[in-house]
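Participant: In the order they appear, the protein sequences are chains B and W.
For the first sequence, the residue numbers in UniProt numbering are 1 to 254.
For the second sequence, the residue numbers in UniProt numbering are 1 to 855.
Source of the hints: derived by calculation from the structure; they are not laboratory data.
Model, not experiment: these values are computed from the prediction.
You may find that some hints are simply not true.
[What the hints assert, rightly or not] Derived SDA-like pairs: lysine to any residue, alpha-carbon spacing no greater than 20 Å straight-line:
| hint | chain 1 | residue 1 | chain 2 | residue 2 |
| --- | --- | --- | --- | --- |
| 1 | B | Lys-139 | W | Pro-342 |
| 2 | B | Lys-235 | B | Asp-208 |
| 3 | B | Lys-13 | B | Leu-48 |
| 4 | B | Lys-209 | W | Val-557 |
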Amino acid sequence: MTELTTLATFQCKQQVIRAVRFNVDGTYCLTCGADKKIKLWNPQRQLLLKTYGGHANEVLDAAGSCDSSQIISCSSDKSVILWDVTTGQPLRRYRGHASSVTCIKFNEESTMAVSGSVDNTVAFWDVMSRRQEPVQVLKDAKDTITSIQVTDHEVLTTSVDCHVRLYDLRMGKMTSDFIGHIVTFGSLTRDGQCYILSCADSTVKLFDKDSGEILNTFTGHESKDYLLENAVNEKDSHIICGSATVIIRQRIVL
Amino acid sequence: MSDADSDEEVLVQYGTPLEPYEEDDVPTKRKYQQPADQYAVDAHGRRRFHGAFTGGFSAGFGNTVGTPEGWTPTTFKSSRAEKAQFSGQRPEDFMDEEDRGEFGIAPQVLQTQNDFSGQKRQRRPQYHDGPIPGEPVLQQLVRAVHETAAVRMLRAMGWREGQGTGERLSSKGKKKAREQHKVYGCYVPPELRQNQEPQDQQDEEEDSSDSEFDFDTLFAPDDYEPYLLSRKNDRFGLGYSGLSRHSVLGNLVGEYGSDAGSSRSHLVMKDKGRKVNIRGQAFGVGAFEADDDDIYATEDMSHYDFTIGGPAAKPERKAVQNKSGNVLPGFVKASKPLPPVPSYPAPALPRDYTPAVAGARRTRFEPTAHKERDQGLGRHELTAKARGELLGEETPLPTPVTVTPTNIQPNTQTDKPKDPITSLLGRNVNFTSEKDKELNYISIKDSGKEITKVFKPFVGNPAKQARYERYCEDKTALERDGDMDKLSEWEREREIVEFEQAAKLYKPLTGLMGDRFTHAAQPDDALNPLSAVSKSVNHGLATPQQLQAAQQGLYGVTTRVVTDWRPDGLVCKRFNVPEIGGRSEQKKEDKPKVSYSIFSYLESSVHDKDSFAKEQGNFSGSKSIPTAPKTQPNDKTNTPIEATSSKDDTIIQATTSKENNLQTSGFTKRLTVAEIFLKESEQNKNQGAEVTETINKFDKMDLYKSIFLSDSEEEEDLTKKNEVSDFIETPKNVERNTSPPRGIFANIDFDELNAWRRTDNTKKEETKKPENTILEDKQEKSEPVEEMYGPKIPENLQNRLKPEVKTQTSIEIGSSSSEDSWVDANELKSKKKKKKSKKHKSKHKKKSKSKKKDK
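If we strip away everything but chain W, and leave its shape as in the complex, we get (with noise of 0.2 Å):
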């Protein structure tokens, strides 16, 4: 508990918990919703409908006009003094603030007409016909102008036009942003940029002059300008503009002169204050500069330093740039040039490669990675001369010996191939390799065992694949296999249960396939496809003896065959026909309805209660398996184990914990049903005659059992009482979880509840049946057993009586016939004992509490 409140102080709880499902509830996808959620509100967060109707219109004060009256009827009124007013009514006296405000059905917001938004599509307009067709000029002159949504938003958040878009900046932000737009492209190397910041300082320096008065004034940023490609119409290099030759005062010179008005100065001169700074184009390297040793430069105005007054710093800087000319402004030139791309000349393949995919198989059932290739396609790669060396014919006989396809069987095929063809093509050209001599194809005629060899599911492991392909041949070779007694015995069986899978698996499709095919009748003649086709008529599965008997018009029982046939459920349904034997719904029953319960998931491994015997079973049962199984007289080899290894159980367990009599009565039962069957068994090994007769006993028992051991009040207490004198001698619950308890049980002390409750019964419990009691020492009991019914003995008597009790009570229970259903009737009874076990116990509890008090 400590754990889980630091937890929830240390956790942030976001939003509403979700109702947690229940355990038997299927979650729906419906979206949770609070009741809150579902009240439609205004935007003053009243609610708006209520009323009879709770979802209708309502009105009242809160959401009507908006007068605390509402709606007050008023009546005509009018004197001398006062005239009446008429006043008309107008829609909007109805109507609620909302439906004035933007989204209201009558909005009262300045907009633009439909006509003039330019939103919608425009309608063909039609012109009529006056003396001037067509459209009129002054429709063409003036155009509504829209505005997309985007833009319309934008202004509603208070964007102008010529702004950018985001968060309001100082001016020294916005000229670092607007530093950083200017970066297309590549970034600038940092010591570039280094050798930039000064010079941004500098210029803030020069700036401050306008930027002292608003340096708490907040600016939007600017308009993003889209990066246009201008249109290269010059033949310089890339990224070069040469120097245009406009005079000092912007008139262009020459060839570069187009438009006039269009031209500007590259010097212009800013007045900024304190002094002219001229700036322009590769304005830069001055006349006495001593690194101008650009002898290629043309005399031009632009050479001359303008700039009136203060040092020259800046030209310096400017150098740097310079210095690298023919690089494109905002990129370095390397320093080391670039390594040649390297190019490697495609690999010679060997002669004999064929591409496959890297890599053994992943998995085993994954199909072969050989090249699958058609059967046809091979044939037709290989010359007459090949194929003949492929069937062995040593010299080509002059003509052209051709081989019909079908002649060409696989097992002549795989003897002595590989060498001629390898030779021949140089290459693998149809089988796969020389060691398995597998097919890639299924042929018709040998479908079934050749499938073995052809799908390989175990190829990973040599030894697995030769134990399945021998198990594919005989099913029970793998059992005396030596091969096999390497592997321990759980392993075999598994794997021979794998084998089992994987045969089905690969074998339907031949199945399948052969039923929709038949053998051809004639050889196909590929030489001649003019060769009349004979008709052949398909027999099916006619013997010979029905197709003589056919032929001699004997039809009757010879050409009869009548086969079992098992209709559908639902044709039977459909027919309104009654379905051959039954409904076969057993199967459903016997499924054990599965609980989710949070108590069958504590003991993971014992919740299963056919694992849980088993495991007894190999614990305790090897023992006695021997004695038991060849006197059993027909279907019940199952019970003497559980009744021997539960019997050992007992004996180990019995000693160590006396917790187990909450839950065991069933159970008792049903063993002591099954030993006391091993007994007379065992009893009738040497008279085989008489075994018949206790089947019937038992079957008369089996009636008897359906009759009265349903009320299970009396026998709990019965076997309760038993356990109280001698429970050494009950047998186990077998499902019983052994592991200590926890969770919420891990308090509880079993032993001392069970000691009141022993003490209890003893008390309070009168009725018996004897006949129901289990038998002290069954080793014992020799002679046939009788029922005693009757009322039931007083228990002080019942202690004087127990001698000739144990020797003539009868526990013929335990039917051999119908074990099942008394399974089944015993687990439906000890889940009713569970229930009231578990009543007992919170019963038990509080009275153990009260009890402690009293003390």
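Only chain B is shown next, with the shape it has when bound in the complex (with noise of 0.2 Å):
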């Protein structure tokens, strides 16, 4: 196990921060605040960039362009707002989610935006044209999305409902796993094969994602209540995942 060391702290002062997010080069990282502000950091630097601020409600996630130009977040005002990042203002703001909407992505040309809400649904919204109603949306959930991953045909949810389900848009499939566990995060693998699964029952596992089986569970954090997120390191070598209790902690996967 390699030790990780901070690298910077810097002091936000937004309250809670909801979510924390680079770009999509890694230069810029966003931090969205439980005082209704995204803010757009150098971290390298430590320097405040921009301040977006125009939610009525804690801002809840955001994700940013592949070109950078825009950022898309999502609130628990129930809305999503599209910003122009340097400008600061507003260029769309969406209405559709009835009610907060947890987490947000853009696909791989930032042409739509993909988010999921507490109302059980996620929608596809489309960030060219200047429609204001979802061009689709998805009701087989059956309790609050709490994450998605978006990749060039897939779609990945994860639901409080204990299921994950695999949006197939080339097969025109909808994959659907039960986990017998709330599921707060889903990411998949750099090599598309599985997914890695945050359960609440202080448990992150591995599933391979055309079989639907169980590779390997994970143990040893503590999740509580919080919705804890994960991810996967360049090789496919190792997890990281958050923790309620200690630290960030580090999986080994294979």
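Make the complex out of the two chains shown on their own, each in a separate frame, by following the hints.
Facilitator: Structure follows, in structure tokens:
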């Protein structure tokens, strides 16, 4: 286990930080705070570059576009806002969700945003056009959507109803896997073959995408009631996940 | 035409008519501009700008300096006799006259300088700090007086201060206007006015002295005098100003006098040449008047008549006014007292009254008129006892029994509730009525069926509502329902459609909301808010097997569910993923292209092909349906009906009209194909195995058709030719409008045209494809038919060959599988033919005319 060292710490002064996101090449960093603001940072020099204000409630998630010209964010004010990075002005405001929007992602070309909400729906927003309604709404989940991952042709959603759903756009199939525990976060490995699921039973589970079989279960941290995220390093060798009690945990996959 | 002419004579047109819109033109919102409007012109109507740049400056005669020479160059000349005069050029030399006008860039009008106009908001003046600080005294004294824009405009129109606005009046009219001006508020009653009129006349006579010389001059009207309300500062009654104690000479006496300068004598002597008229306040009741019995009147100088000479005519008249002493001037005392305003006490409401909107529901989609109530609110109005009785607990327990609201099931509520509630509360509390036990709220548990009870779209018609409810329970119930027999078939279909829509309309809400709510895992314990909330896990739609498998860690097949999911087209586009199943554009193509042609509106009832065909089917198809449908191999149930119906039509119509051969060829093919298909299928009725073969054959034929039948000219000719010989056999064009020709077709004799055409065709025609000809008697045709290729048969031979041809020609047109596309092709073809036939017509016309001329 390699030691993780803190490179930099910066004071956001945003009360609770709901999400921290790097942009596409890792040169910028976004923090979503409970103070209804999004802040754009230069993480190397701990510089605050811009503050984006306009949400009416806590900002729960944000994502930068592939050309780093736009930011899309979602909030518990039920709205999704598309921001212009340079001017700091909201370009669009989508109000299609009936409840807090918990997670949001751009697709690869940043032409479409996918948001998941407490109203159990996943909505596709067309960022290119001026359309205000969602292009498509997925209503398969029976409880809150906790996370979304978008690849070039797949959308992975995890939900509090203990299901992980993978929507394959090419095949036109929806694969729903019952996990048995509340899934707080799901991510895909770099090779796109496995899910890594953070479950509420203080485990991280590794699933095979094709067969739906469990490959490994990682324990040792505590999740409590937190919505802990996980990620995998670029070599697919380690999983990093959050923990409620101690520090960030690192797991060896294979 | 004569009508139109007379219209033009009668009507008067104003303005320029707009250009009529073209048929397929989209009207723009741009204002219509005539070319002439687009030039800028000067005051004289001359075009202002011209030259190379139409919109730019231009110099030249007409709108330059004003000289005929325009810009003539000057040379410097100086001689001993004439010294050159140095003339400096001023900007005005280069200006047009308009520029110096009122609205030009350098107006030459006397006007107040900006500082004095008072128009602009005064800048706060800055005072220099001299020995005397502050605003200069002179500036305080002298203020720039400014006028409002309205005043300036009025001035420009010739108004002067002190005058009124409006048309100039003669002195008589002015006087009249003045009289009218005096009426404020109420209008003078007519009898009073009549009383006044003679007085006016008299006044006029009096004034005639000064109006004699200017009877034909006009005067400006009087200025408007605002009716100023003066403050009341005495304690007299309203409208009464007490006799002020002026002395005759005008000095106030006693308490009234406050300022000597302001007082005027009430007795004014006017010398108008003839007699001295003295007017004054309360001057009228003379000392010798009989009816002066005002005992409270105080003796005053003004009581005396000061009129010198002349009869006392006026006092009499004024007495009329004075009789009604305490009435405002201009008012009369009412002869009858006003009836007192009646006041009625509010009626006592019955005990069980619930306020509701008057009247029943106006539309069936209106929500129920019953007062919507929150479930929770109603609950609080019930006492514990009432709730207990609701639940059927006979004896209320000594300890307060609490009934949690979740236990109140809607069904048990409605079982026997009415009487206890109403008796306890004296009015309807929660549930609307006894008869229909309907719920005002939707319980989450039983959505679906219960909903239909809540929403009653057809309340107005109880029988229909009953049918609707039955329909909601079982969609097929209506078909075998005895109640429906009363309705006609059409009505029944209509109603089913209506029910479908209503069910659709009222369901989705629950469907939508159902997704967003889950059942409470625990009873909502209203009593104990501090009870710990146990965590519950929502397993979604997981089956028990899945739960078990997940518990054992046996993930895989059991826990996985793969369902079809169709991404939206736009989503696919944005993700750069090919859309599944290709693009769904076929639907759009299926829509008929709407043509906005006049002809499509000539016959409104028939312009829809489908409806027309359907009607045709209704008329004639009923006889032949029973034989047909069973024999059809698969999806071709429609064609035989059409075919048979059209056959019937031909029999009916062929005798009556002969003009059907212009556009029929396309449809002829289609229908005959169907007929033959019918025949064949009848043959194959017993031989089930051969059915597939015929289908194959038809598919081949389809290919054949697509290759050969597209060139329509020859076919057209052929069919025409055929119709000459035996047009009784040709089925009629289904779409054909059989109504007598009208409009521009009214005077065209189609029969003649067709007759001419037939003969013409027979002469001209050379090409024939026998495989396209229509069989004369398909009834007898039994053999599988063959195609005949090769060169066309000469016409003279054709007649001889005919019997053979009849037996040999094959019409294996019409495949079953690609009927739709085939129809489209036909339509296309028929369209083409229509165009052609139009052309033909015009040619025929010309030719027929020339023929007539020849004759």
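Participant: Each of the hints needs a verdict: does it hold here or not?
Facilitator: Here's how the hints hold up against the structure:
1. B:Lys-139 - W:Pro-342: Measuring from Cα to Cα gives roughly 65 Å; hence the hint is violated.
2. B:Lys-235 - B:Asp-208: holds, 17 Å
3. B:Lys-13 - B:Leu-48: Holds: Lys-13 (chain B) and Leu-48 (chain B) sit about 11 Å apart, inside 20 Å.
4. B:Lys-209 - W:Val-557: holds, 12 Å
Figure legend: structure checked against the earlier numbered hints; the only hint not met is number 1.
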